[in-house]
Amino acid sequence: MSDSRSDLLQGTLDMLILKTLALGPMHGWGITQRIRQLSDDVLQVQQGSLYPAVHRLERRGWVKASWGTSENNRRAKFYQLTVAGRRHLDEETESWERLSTAIAQVLGTT
Amino acid sequence: MIADRVRSALHRVTTLFRRPRREAELDDELRFHLEAAIEEHVARGMDPAAARTAALREFGGVEQVKEACRDERGLPWLETTARDVRGALRGLARRPAFATTAILVLALGIGATTAIFSTVHGVLMAPLPYPEPDRLVALWEHNEERGWDRSNGSPANVLDWRERSRTLESVSAHGWVHGWTLASGGASEGASEGVSEGASESGSARLERVDGAEVMAGFFEVLGVRMQLGPGLAENAHWRGEERTVVVSDSLWRRLLGGDPGVVGRSVTLDGEAHTVVGVAPEGFSYPREGVDLWVPFDWQPGFLQATWFRQAHFIRPIGRLAPGTTVEQATAELAGIAAQLAGSTPRPTGATVPAPRRSTSGRWATCAGRS
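Protein sequences appear in the order of chains A and B. Residue numbering for the first sequence is 11 to 120, as defined by my numbering. Residue numbering for the second sequence is 7 to 378, as defined by my numbering.
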């Protein structure tokens, strides 16, 4: 039970990260900031979840990592979306929309 | 989906090889994040020390995060196992006496088992190095009234089997291996390296003691062994003829006859009698055991057929090759039939052979036998 739930959360987090990266390459800190901004502070990704997630994405070939310089001239690891990653993002977004519509429908009936 | 998994798996494996660099990178990456968080707090008005504490608290356990990241990359079970193995080795190093004992016991056990298995494999399980080895059979005689089981054949019996059997396409026999004195008369320039044991000079020839056995004609044909040089033994070579012949082993040919390519037709003296070399066996061939260097045909005379001992003295070891499509059982039955036919002949044969389809430990043969 908890397995499938954490899987769902994991999948959702992956989707959010990929979406963030679709807007441009970013380092880990930037990703958390961006997600927070875009969700009006509602979604605050814990570092403990973010980094394992992003490493997993890299292993699965959906993002690519490279070292670069940050805005304040510090060495940071930047991630960017790959072609496979973009494809995965599209798939996940579609199934998410289907899922949330269905849930909304069920909750909407009186 | 599958390509995904393959890529993922490959990634995990390759990660194993670049661990130090990856660790350093992970360090840097998380440190950057931490400092960025601290800066943000400071920008909001916290003092640096408090900012650091707050940032660390928010981050959660750095080590845990690192662990989680590592799990995502490498093959965690492999790395855990490797770590455990290293720990075990360190523990062993701390207790040398115990470690030594354990290793010795293991070595002994493994060594003994390997030795036994190699022997068993060589003796019982490996196929005989002859063509179609499963068609080769060793033939025995069995004498019920005397209680002899699996005894040797007598010359007359073996000759009769050879002539009358149709289930056995060829039959031959050999006598026991014994020592012969070989004098390789004539020039042996380019002779063997070193001095052989038991050699002595006698005139111009060297005398050597070698092991050999008497054989019937067709001996090499039964085994399916072809001569390296020369035509081999003549048909019916076991009957006394004009000259005595001999087939030598590859080892003897090289050692004592100088590896002479024209050795066929040369004469060697065996136990004082001249023998003409008619063949050289292939390299590595030795029968019935290692170290046999000569195969000399029996020296029988037609008059022996009337002799009692020729029929009743059982001192040669018969071998045969099954005809295509026949079984050991059929051959056994046929030989039993032949034995019944011979029962009325003179001199009266003794013994009757019986099937014994077991592997012989010395000869590694599948055995069959017939009545005689």
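By construction, these hints were calculated from the structure, which means they are not laboratory data. Incorrect hints may have been included.
What the hints assert, rightly or not - Here are the computed lysine to any residue pairs in the SDA-like style, where the Cα-Cα straight-line distance is at most 25 Å:
| hint | chain 1 | residue 1 | chain 2 | residue 2 |
| --- | --- | --- | --- | --- |
| 1 | B | K72 | A | E107 |
| 2 | B | K72 | A | Q20 |
| 3 | A | K74 | B | D33 |
| 4 | B | K72 | B | G93 |
| 5 | A | K74 | B | T20 |
To be verified - From the derived model, a few chain A residues whose C-beta atoms are all more than 10 Å from chain B:
| hint | residue |
| --- | --- |
| 6 | L18 |
| 7 | L33 |
| 8 | H37 |
| 9 | V52 |
| 10 | Q57 |
| 11 | S105 |
| 12 | L117 |
None of the values given here were measured: they were computed from a predicted structure. Ideal Cβ placement from N, Cα and C applies to all residues, glycine included.
Here is what the structure says about each hint:
{"no.": "1", "hint": "K72/B - E107/A", "result": "33 Å, violated"}
{"no.": "2", "hint": "K72/B - Q20/A", "result": "18 Å, holds"}
{"no.": "3", "hint": "K74/A - D33/B", "result": "18 Å, holds"}
{"no.": "4", "hint": "K72/B - G93/B", "result": "22 Å, holds"}
{"no.": "5", "hint": "K74/A - T20/B", "result": "16 Å, holds"}
{"no.": "6", "hint": "L18", "result": "18 Å, holds"}
{"no.": "7", "hint": "L33", "result": "19 Å, holds"}
{"no.": "8", "hint": "H37", "result": "7 Å, violated"}
{"no.": "9", "hint": "V52", "result": "17 Å, holds"}
{"no.": "10", "hint": "Q57", "result": "5 Å, violated"}
{"no.": "11", "hint": "S105", "result": "15 Å, holds"}
{"no.": "12", "hint": "L117", "result": "32 Å, holds"}
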